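Colleague: So the protein lines, in turn, are chains A and B. Position 195 (the first sequence) corresponds to 195 in UniProt numbering; numbering is contiguous. Position 352 (the second sequence) corresponds to 352 in UniProt numbering; numbering is contiguous.
Copies of one chain are not kept apart here, so a pair can be met inside one copy or by any two copies together.
Simulated crosslink set (DSS-like; lysine-lysine; CA at most 30 Å straight-line):
1) 155 with 200
2) 264 with 276
3) 244 with 274
4) 155 with 194
5) 239 with 194
6) 73 with 264
7) 70 with 274
Because the hints were derived from the structure by calculation, they are not lab data. Owing to the predicted nature of the structure, the values given are computational and were not obtained by experimental measurement.
Number of protein chains: 2
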Amino acid sequence: MLVKHCVISALTRSTSHSPSSTVLRRQQFLVRTLCASRTHLPKLIKAMSSTSEADAESVLRTVTPTLDPKRHKGQAGKIAVIGGCREYTGAPYFAAISALRIGADLSHVFCTKDAAPVIKSYSPELIVHPVLEESYNISLHNLYVLLSGFSEEEKRKVQDKVIGEVDKWMERFDCLVIGPGLGRDPFLLECVSKIMLLAKKFNVPFVVDGDGLFLVTDSIDLVRSYPLAVLTPNVNEYKRLVQKVLNCEVDEGNAGDQLRSLAKQIGGVTILRKGKTDLISNGEIVKSVSVYGSPRRCGGQGDILSGGVFETFSPSESPAILGCIAASGLLRKAAALAFTKHKRSTLTSDIIECLGESLEDICPAS
Amino acid sequence: MLVKHCVISALTRSTSHSPSSTVLRRQQFLVRTLCASRTHLPKLIKAMSSTSEADAESVLRTVTPTLDPKRHKGQAGKIAVIGGCREYTGAPYFAAISALRIGADLSHVFCTKDAAPVIKSYSPELIVHPVLEESYNISLHNLYVLLSGFSEEEKRKVQDKVIGEVDKWMERFDCLVIGPGLGRDPFLLECVSKIMLLAKKFNVPFVVDGDGLFLVTDSIDLVRSYPLAVLTPNVNEYKRLVQKVLNCEVDEGNAGDQLRSLAKQIGGVTILRKGKTDLISNGEIVKSVSVYGSPRRCGGQGDILSGGVFETFSPSESPAILGCIAASGLLRKAAALAFTKHKRSTLTSDIIECLGESLEDICPAS
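Next comes chain A alone, as it looks inside the complex (with noise of 0.2 Å):
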């Protein structure tokens, strides 16, 4: 997931200012671009190769910006994890500190009222915007609906307001993580959809995770198309997605060619489906990450790196599959590290921990 957010961040924020216009930081890309086509395009080809496990060291080392001492905050990016409710507070904290984690300026997280006191307990690191309402949520909160029933004038009333309060930051983003620790309840699903449409008008990319492919999958015309979209599914989700949009059954003989046409029945979305092997597709090209890894499955890996957040000049066509290579290889590293240390205890907090190190050892920062 990171790297596709590096790529996805990449193709809008390269050489963001807080705030500027979604088109200009896009105009500037591209010149950035072809500029930096000239330095990275040998290497580029290598990660690109034929071969379809690809080179995620390599694809790291391209995506990784040099930091630049020049650069003022939020530069290096500036992400906003949408998630967190009642039940659910972990997977947006490992989302969006891990972003802060691999490079990135400044990580926000969008989520219930509930939600918000215990991430920010979590770390004095992260901006938590307590705007989001669940079902229960609205009838507690408002004695007048209490008595008077829940009216649908009412429900609107409380979307309008979630969304005035993630609209006014919109802009400033590079990149959303739509769906960790989001929860099911539907009227939160109502407001996430709206809030889909509402990144899609900015063009600010987004992956989606967790109950956010829940929500997905049952309206997938919420992404349908937009070249800015990744989706992440795990074992699980990438089933239902499957039976959904293909209506068949997962076909482990042919993972690679029904990823490709998984994707591009979505219009062209970036699907990384999570597995032993990861695989990778936008509908074209398909590649594979299975380098490094650690046998752990402890809950929170698939949140760990979609905070991820880096910047690329790359002049690859295909930006968001490099970004999924870089984060798959890197995430598969810094799990394999946490497993030397910490063996079967090993935690998701470990492998945050150890994200860092990881990195640095593929591309040193200085």
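Based on these hints, arrange chain B on the given structure of chain A.
Modeller: Same frame as chain A, but now just chain B:
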């Protein structure tokens, strides 16, 4: 308690998928058991040798699953702790985090609304459900009741809601730990009784500790003859159990036989009597574990391994016994290790930090 979990959960969990039917899981287990028995039998016989002191390390090696990169999240264990109220939040945390530190993939806590934010804040690794209700809380949460007074009907409504929240998850769990930090609120305990019935309906194994034992001692039929129930009383909890079930006092001179009679009297549930030497019986055999250990008696050690989850392919007819032996041995080793590091200042958290190293020392992950 750990090992009880281990083996108990193993009964249903060894090849569990999320979600998958208990029946399927149990069938899969039986198959794996048969396959495994060939390789594990020699070790096992040694472990179950006629000496009353068990070979805890050998049992641990027997019940600890080998890590398999082909597995996906959840297959190494999904457990849930039922506990955590307005007063107590540490105990359920210790139980749930220990499960993860010992190799489980997912660890849930079902607690009261007051306890949830606190338990969540201890660690982003846990999934905490704020669903239990205490008497004092019900009227606060319900305006109608506040105005009309608390009726039996209202009480039932709230109870049904609580059970419903647990019901929708129950089938996914491989083992429950019922009791850590539960408190003694009558309404809450009434709900927990129904949760036990629910677990039995789904054939989900459960370990009963702390205030769960207070509940069970007063309503012994809740666990009578349930083969997947494990009780883990400390000195005082054991004393009450003996008085209630055997109508006599604890007979230290005849501890083993008395424990056997107690377990037999409750229909063959497994009991781990915690003490300087841990005694374990299922109404037939009696085993003891006295290796390692620490002179520190800081609160929380009783909870520390409740959450532990292992996978075992044990062909034994008494996996719960093996579970108890392994749990007892591992906790004692971790406690001993923590004491060498922290001496008088050793806390339960320090012991949890030593679980991974202790387990690795006994059966290396790779």
